[in-house]
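S.K.: Below are the chains, spelled out letter by letter.
Number of protein chains: 2
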Amino acid sequence: MNKLKPLREFIEHQGLSALLIPRTDEFQGEYIAPCSQRLAWLTGFTGSAGFAIISRDKAAFFTDGRYSLQAQQELPSFYERYNISQKSPSQWVLENLSTQDKVGYDPWLFTEAQLKKYERPLVALTPNPIDHLWVDRPSPPQDLMRRHPLKYAGENDESKRARIALTLEADQLLLTSCDSIAWLLNIRGNDVPHVPLVHSICLLRKDHTYDLFVDLRKANDDVMKGLGKSGGRLIEMSQILPHLKTIKGSCQIDPQTLPMILLHTLEQAGIKIIRESDPCLLPKALKNAVELKGAKHAHIQDGIALNRFFEWLYAQPLEGETTELTAAQKLYEFRQEGNLLQDLSFETISGFGPHGAIIHYGVTPESSIPLKREGLYLLDSGGQYLTGTTDVTRTIALGKPTAEQKDRYTRVLKGHIALAQAIFPEGTTGSQLDSLARQFLWQVGCDYDHGTGHGVGSYLSVHEGPQGISKQASAVPLKPGMILSNEPGYYKEGEYGIRIESLVTVIELPHLKGFYGFETLTLVPLDLNLIEDFLLTDQESTWVKQYHERIAQVLSSSVFSSKAIIAYEENFNTFLSK
Amino acid sequence: MNKLKPLREFIEHQGLSALLIPRTDEFQGEYIAPCSQRLAWLTGFTGSAGFAIISRDKAAFFTDGRYSLQAQQELPSFYERYNISQKSPSQWVLENLSTQDKVGYDPWLFTEAQLKKYERPLVALTPNPIDHLWVDRPSPPQDLMRRHPLKYAGENDESKRARIALTLEADQLLLTSCDSIAWLLNIRGNDVPHVPLVHSICLLRKDHTYDLFVDLRKANDDVMKGLGKSGGRLIEMSQILPHLKTIKGSCQIDPQTLPMILLHTLEQAGIKIIRESDPCLLPKALKNAVELKGAKHAHIQDGIALNRFFEWLYAQPLEGETTELTAAQKLYEFRQEGNLLQDLSFETISGFGPHGAIIHYGVTPESSIPLKREGLYLLDSGGQYLTGTTDVTRTIALGKPTAEQKDRYTRVLKGHIALAQAIFPEGTTGSQLDSLARQFLWQVGCDYDHGTGHGVGSYLSVHEGPQGISKQASAVPLKPGMILSNEPGYYKEGEYGIRIESLVTVIELPHLKGFYGFETLTLVPLDLNLIEDFLLTDQESTWVKQYHERIAQVLSSSVFSSKAIIAYEENFNTFLSK
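Protein chains in written order, with my numbering: chain C, 1 to 578; chain S, 579 to 1156.
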């Protein structure tokens, strides 16, 4: 209540009726820096999807099904709590506020699309009123940015800028998606956990030159010179608004990501605005030959780490000393032995027994329980390697599995195999393939409440668009070079969770012109003890056998050895030249 | 050229640059009356999808892939011919006409949605200029309309009108879809081939009363009195425009079907227009218990006719006397022996050998070839019974099939079975299931260029929405009571065609709450000679065996006999009471 009191005084003082407080930052990304955790500071909620509305007499909180339990535990009880799929913040506003009630929002944190639904007078507030009250607010990230070497990127930034500039429908493009900028300019940074991006805004012109707005303390001489040579100008981020008022000609923006304050600034300057979806999305998703080689290399490193981890785990007595948390830490250590590892690609989900049924279980010292010789253990983790981003889930039985657990595991596996082996014509979208992965669960009245596959970046975000495999209709056809996850699952609340996730890449099939298939990148064995053999067809059994043979063969090849710590950096040169 | 000359004089005289000539009539239905075949009169093209643009110096014709061959044969050579998926009429207009060029159109034949794409000045022309030139134009249909008995409809029109009126977002609904009107008012007629509808326009008010605009010569005393009693007023169709100018309050319309002239009339009268999709679509698709019983009854009659037909066909020497055309006629005779048959539900597709590969092959005396003891024969046909509408395709081998034919047939069958046996959660759309039917063809680089399933009416249109199973994304979940076709296929141009089509209905699964499945309605055996046994799983073989057992059991039951001609009318009473 302490924090709400001064906030409500502010609301009253400004003649407002309510304040919208999203979780997101200025860049609409999945991960945000500590200094942007305003929602967590205000409400105590630490999940990755949330939204609060503070009015003069009410406090409402919205999140999705994944986090409803967590919201219950973390939020003070005076918050009204809603599942966002049942009531959205804009619905709440329509029901609780009159058409005269003014609603405050931070125009850096909302896009045009997000604000459209509030049919109330909206008041843009800068600076964000929470920043006045948050006395111990962390400093913004200041780690140095760095150039992503051509050796890993496979295409220099001049070539990328030329390609994107060609597609522009305006004189310039204003880009605020940091992972698009990271891809476009071959830069990386440490501004948020787990995704190597730099908080930045890029203005790309038709002639391929560009202005990059960034906290200049992040740029050392090497970066300054390098970007300067390539036609770029680095400008202090705080200059973005005055600078936008001076640009000439029309400007292309993506209404899904551009902060309202930039849109307003352009509009007030009389600049013609062309709304188009981010032109980097598809080119970024279509990995080039070097990125694909890199992905394979990253998956070999990752496969070695996971194989060593499971070898270690199976050797543990599991009598209390090994917990969800220590297991995750041990896995991190195995991953770190590959010297191209930069970070994990997300917080490891290490869920034993009932915790496995919590789809986005974030293990904490408080929640962590010891692993025992019983039940299932679900481990979802990934690494950020210079060569690529990985994401893998395996579920193993630590004791003797039940018949139901084997049945469900085998149905998840059959769906995983059906997708891995799918062959489909050019033009097919991920949503057309989704039911292949679900069909065997559906046959016994089961399903899973998440997508079957998401796009994955190349040493970038572990969740990227535009492609995906899910129940949601998609207009984006799958194309060779895209990397996606293949991750059906099954969750029995309070008992256990199962998920089998590998990354795949879309490939052409030389013997079937006009048709595509998938190649599985992940090299981590399945738990054969969980497979109910009679449920598998011969073809499915053969797939499992051949998959395990391939893992053994690749990981024991002369270049890589699961026994030794390898100088990956050098060995990628060898790998590339093969 | 004779016909184009006076049309071009008209164009010039009116100061136009071009004229749009669609195939459709005022009601945007699939079948049109002879008096509305303006496109066929002008161009000679008789297919069911076409569009012409006549400009001062050009003549362009657009159709889809199904009819490109036919267009080539039927059209005079001076027509530029386009595949509509590659170039649409509106694209042609943008490329061939300047922004000053005026384009004429008949406002009865276009909807708002259809006209939106032409970015040129449009001039509404009434009457249609072709009607002046078409000297031997047939009279409009004048067959009597009739009431569809409650015994078959299962719900009286008062109840339907009350349900629909409840959903209205305006004071009244202006409905021009004749099959929606036929369903809503329980009326049927003979205004177009194969679909028992009445050309009519209905104005339904919130208090459930209505005005039905129709050619009054079609209404006898019985219909007049019956509709009068139920709160309806029959008004001569020619009064629709003056009548619309007098209505009070707001009016709901479906922009996908309402002719532009009616929209203009409402707008000019200052009536507030609410655009919503046709509120009868979903209720019409959800068959009630009597309609579902009727559908089963219709499929028994249809199954008997087809079983007798195949018995007859297998006994023929096939030495020249039996042709595609005489076979279709023979099948019609078997169907007519069921005395609830009113019509075929579409022109029978009777395609032998290479003709089977023409997806919408319309057999004519000129095209008809004799059936021989070799190759495949594809027979797609259906009946309009008072109890329901049927649609079934079987493909049989008349001689020894090749290994490739057996492989393809078996893959089509595997897809058919996968869909027939699918179990899926509430909320699933047809497009989510489409790949289940295609997956086995895709595995060998094959596919089919049509949807997997369409909705089917209850003694109404053989193609109805809103549901469907296809690659196109759909927002309409499948719901219990819907009837759909399950019809994967494979076509090898110039050689053979394969399609296996049965109708299915969506059912609840008592043992799996929240999940649905399909029940197959069609009772016509498959050709076992075309099945490559080793490609079927045990489960699939069991499905085929059990399906054939069910056909034998149902068709030989005490109520129905495949040997006797049955008084179906009486026996439906028995059937209903079971």
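Treat the hints loosely; a few may be bogus.
In silico BS3-like pairs for lysine-lysine, Cα to Cα no more than 30 Å straight-line [stated by the list, open to error]:
| # | chain 1 | residue 1 | chain 2 | residue 2 |
| --- | --- | --- | --- | --- |
| 1 | C | K272 | S | K850 |
| 2 | C | K513 | S | K1057 |
| 3 | C | K479 | S | K871 |
| 4 | S | K1091 | C | K406 |
| 5 | C | K87 | S | K984 |
| 6 | S | K695 | C | K272 |
| 7 | C | K116 | S | K694 |
| 8 | S | K807 | C | K471 |
| 9 | C | K117 | S | K694 |
| 10 | C | K117 | S | K850 |
| 11 | S | K581 | C | K116 |
| 12 | S | K695 | C | K513 |
| 13 | C | K492 | S | K1057 |
| 14 | S | K665 | C | K479 |
| 15 | C | K117 | S | K807 |
| 16 | C | K471 | S | K850 |
Beta-carbon label-pair distances, calculated as ranges [said to hold, decoys possible]:
| # | chain 1 | residue 1 | chain 2 | residue 2 | range |
| --- | --- | --- | --- | --- | --- |
| 17 | S | S666 | C | I274 | 22 to 28 Å |
| 18 | C | Q472 | S | P718 | 45 to 51 Å |
| 19 | C | K492 | S | S666 | 47 to 53 Å |
Hints in this document: simulated from the structure, not taken from any laboratory.
Remember, it's a predicted structure, so these values are computed and weren't measured experimentally.
Cβ atoms here follow ideal geometry from the backbone N, Cα and C, with glycine treated the same way.
S.K.: Taking 30 Å as the top limit, are the C-alpha atoms of K117/C and K850/S close enough?
M.R.: holds, 24 Å
S.K.: Between the alpha carbons of K695/S and K513/C, is the straight-line distance 30 Å or under?
M.R.: Roughly 35 Å between the alpha carbons, so the hint for K695/S and K513/C is violated.
S.K.: Is the hinted pair K1091/S and K406/C satisfied, with a Cα-Cα distance of at most 30 Å?
M.R.: holds, 22 Å
S.K.: Does K665/S pair with K479/C here, judged by a C-alpha cut-off of 30 Å?
M.R.: holds, 24 Å
S.K.: Between K116/C and K694/S, does the CA-CA distance stay at or below 30 Å?
M.R.: holds, 25 Å
S.K.: Below or equal to 30 Å on CA atoms is what counts here, so check K471/C against K850/S.
M.R.: With Cα atoms ~37 Å apart, K471/C and K850/S exceed 30 Å; violated.
S.K.: Under the criterion that the straight-line Cα-Cα distance not exceed 30 Å, is the pair K117/C, K694/S satisfied?
M.R.: Holds, at about 26 Å.
S.K.: For the pair supplied as a hint, K87/C and K984/S, is the alpha-carbon distance within the 30 Å limit?
M.R.: violated, 54 Å
S.K.: CA of K479/C to CA of K871/S, is that 30 Å or under?
M.R.: violated, 47 Å
S.K.: Would the hint linking K695/S and K272/C be met if the CA-CA limit is 30 Å?
M.R.: Cα-Cα ~24 Å, so holds.
S.K.: With respect to the beta-carbon atoms only, verify the hint that S666/S and I274/C lie 22 to 28 Å apart.
M.R.: Taking Cβ atoms as reference, S666/S and I274/C lie about 24 Å apart, which means the hint holds.
S.K.: What's the verdict on K492/C and K1057/S, does the C-alpha distance respect the 30 Å limit or exceed it?
M.R.: Holds, because 26 Å separates the two Cα atoms, which is no more than 30 Å.
In this structure, the earlier hints numbered 1, 2, 3, 5, 8, 11, 12, 15, 16 are contradicted, and the remaining ones agree with it.
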